[in-house]
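Please build the complex by placing chain B on the supplied structure of chain A, with the hints as guidance.
Each chain, letter by letter, is given below.
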Amino acid sequence: MSLSVPAIMKTTAARLSALYLLLFAICAVALVFYMTSLSARMLTAQTQDTINDEVAGLAHAYQRGGLPVLARVVEQRSRQPGANLYLIADANGQILTGNVQSLEPGVLDTEGWTERPFYYQRFGEGELERQRAQSSDQNGEQSTPQPNGADAQSGEKGHNAIAIVLRLPNQMIMLVGRDLGEPERFRAVIKRSLMLALGMMGLGGLLIWFFVGQAALKRIDSVSEASRRIMGGDLSGRLPVTGAGDEFDRLSENLNTMLARIATLNEGLKQVSDNIAHDLKTPLTRLRNRAEATLSGKHNTADYRRALEGTITESDQLIKTFNAILMISRLEAGYSSESTTRVDLSAAVRDVVELYEPVAEEAGVSLQANIEGPFTVVGNRELVAQALSNIVDNAIKYSTDSTAAPAVRVSLERADGHIKLAVVDNGQGIPDDVDRSRVTERFVRLEKSRSQPGSGLGLSLAKAIMTFHGGRLDLLPGNPGLSVVMSFPERGEH
Amino acid sequence: MMQMSATKPSDEIAYNGSMKILVIEDDREAADYLQKAFAEAGHTAHVAGDGETGFALADAGDYDVMVIDRMMPRRDGLSVIAGLRSRGNTTPVLILSALGEVDDRVTGLRAGGDDYLTKPYAFSELLARVEVLNRRASAKEAETIYRVGDLELDRLSHSVRRAAREITLQPREFRLLEYLMRHAGQVVTRTMLLENVWDYHFDPQTNVIDVHVSRLRGKIEKGFDKPILHTIRGAGYMLKSG
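As given, the protein sequences belong to chains A and B, one line each in that order. Counting from 1, one number per residue, gives the positions in the first sequence under the numbering used here. Counting from 1001, one number per residue, gives the positions in the second sequence under the numbering used here.
Heads up, some of the hints might be wrong.
Here are the computed lysine-lysine pairs in the PhoX-like style, where the Cα-Cα straight-line distance is at most 25 Å [claimed, not checked]: (1) K1036/B <-> K1020/B; (2) K1119/B <-> K1036/B; (3) K281/A <-> K1119/B; (4) K1119/B <-> K320/A; (5) K270/A <-> K320/A; (6) K1119/B <-> K1020/B.
Since the hints were made in silico from the structure, they are not lab data.
Just chain B, same shape as in the assembly:
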């Protein structure tokens, strides 16, 4: 994940891609696994086994992202998040939950969560989402023009250029590319695309996203010598030059 910094102007702040993550999860085994897996991905993870401890740690420490289980002893995840938010803590939070219905997701996000992932999940999915949430990596909301290598997307005029050549995209393709470019250098999963570009939280039977991505890839790569939209095996996609 760390190799992305060199290519993007927005990454000029001293940031090597390594995050400090707080995991609040009462299942010891799951928490240990997460800690180990985050370490392998180059991040530092602290673990709290219950809501109270987690709240104290989060309140004191300076974390980039927090992963909070929803149902925990002593203090449930939503109450921890609400408590932190009321104390002015804006650290991005990803909620882990066994409850996956639309209502549960809405309640979770309303309590102050930034993303919601239903158990059981693939670690690659969790990692991709946590990296996208990282508050130090994403400062692109305000930018009107996204640039990745020679690819350029103007959010105001809805135009896309690669190496000064105009590329015509359908509205949905534009939104797809916009999302990929906003998170350039980061892995973006199919589910993330479905959620953020189509606003669907269900799992279509056929992998419709792959077809959309390959169509987009045809438009932004055909006629150019360098690939820019990469498929990350077992995880998703990444837009990256070079």
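If we strip away everything but chain A, and leave its shape as in the complex, we get:
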């Protein structure tokens, strides 16, 4: 396609229509030619039959009365309107009788059927022609047919015909033929109808272009329109779905699913930047203020040392928070990881319980474990351990305000087609007026926990880890206390 191709040809509709049009036209032309030649052959054969009948009649007349009778019969028949062609000539080709005034030279030379239609002039017509020609051309060249110009002249001054040439016993030549005017008309009709058909097809092509372009491809346009809008920043926008359930709908639905995923990721990213802004700026400000306060005023070396130690502690906490945020984002973004393997969940849980056992004992909390198994999931041992240790850590912290003897129970069992890892404490639990699902949101810390150390990201991280493992994290009332249930899919794929 060159650059000069109009813009309209750049649409799929126009190209498709043009292609169809071309194909149909080629087929139609081929069909018409085939039919035409077939019909022409049939007509010729019919003509030849007629001539044969004629010849048989003439032969009968000749047998009956010889040449004079034949000449008379020919004379008679020649005069009838729409008669066949008759000609009797002497051995030299001089026309003696019949209704043919002149004919293409050489036709009478060979006996039998003429191999191809020849050009002739009927008697009487030639007179008119000559009279007309005489005014411009004296020598009568017009009446002498020229083989090359035959076709061009046939329409105006002569006709084409086929004939049979017979040699009579006395060396005279007889020609019986039939005008081909009929097949000529037939061809003209075919030509006209072909033109008509091509015209109709052109119209059809335009209609196809119109319907495909206006109706079907318009939907593609609406899809590109919508995607342009979305690219422009409106991530909440969706591609139109008509409900027809066709390819366009399926395409739109898939793209919409993709958009939803992008929107989620984008939302996560936005949340991360918001969180960084809110929750990292606060300790950073504190850090800066502390340094500033230490610089102003008089202090001794011990003061400076204390300030610097405080700075380091504060930055370490900042780094921890930052790492947790990064990790949550990466987990939520899908964390394309090759580090997932088959993990012995029971062993992983036992390890964490063992890690926390001395901590619980020191805090005066009884840590009990009921671990069934072995259960194997696909995942990452470290991530599972990190999630569980966050939860166990919380449980130990919050069980200390229990009214009874503080206890934390860790259990791993198969239930409802899932592998359920539950950590139950007997502390105060989450107050009823708090939306439990909110607790797993980032940086959400309940009022009374604000005094406890921690970034407020532990549960969010655990939740992200569970999502990564294709499972879920639920917070349920523990009666008393809180029950955190991590459900892993039985055959964990993600």
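This is chain B only, laid out in the frame that chain A set:
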């Protein structure tokens, strides 16, 4: 760090604890700080500002430990390590990186690194790890019995004795003590313990390691007059007699 040699039989080789360290780090300020801090700890550090220079230095010089930044101009850290390893250089390498995910650590170690530390880090952590990596100090892998003062650990029979008295340890406590004894006289950080004894690379919210260490300390020090497991303020622990 140098006072440790006298107490351990394995330190009989002429080694005064001072190391020759190569630091390949493109951040000039960080590199200078490391050089100064290593010098204060009694070591000699050379600095290369990019991967190519670092590779040439490492290939020519005889270093005890190399500290290599992962992301550098001209040639990245992993390619430097892989290049050195393919040339038969076995000098222990600690990789410094801002990338701290599990995958990144695995790639780093697979490229030929011996340890992996995520930025930002505490220098005390880096120093402890570098000293543990030092190829001249650690020849204990093959030993079956570790001895520190009157404390004795048999790796084959899984038994621990102090002054000929049997001490019963849980399996995890045994592994903890084993690691501490393997690196006796060296500072071992909490993170190192968590990584090497528990195989966890995350940071638990509460300092669970302290509780485990103090429990172990109770078992190996209670009833004996001399402390042997020392807490190094701001850094970690050190097992050392006397």
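Structure-based check of all given hints:
Among the hinted pairs, K1036/B with K1020/B is consistent with the structure: their alpha-carbon atoms are about 13 Å apart, no more than 25 Å. Pair hint K1119/B plus K1036/B holds up; C-alpha atoms about 18 Å apart against a cutoff of 25 Å. Between K281/A and K1119/B the alpha-carbon distance is near 20 Å, which keeps this suggested pair within the 25 Å criterion. Our distance criterion of 25 Å between C-alpha atoms is met by K1119/B and K320/A, whose separation comes to about 12 Å.
Proposed proximity of K270/A and K320/A is supported: the alpha carbons are some 20 Å apart, at most 25 Å. For the suggested pair K1119/B and K1020/B, the alpha carbons sit about 22 Å apart, so the restraint of at most 25 Å is met.
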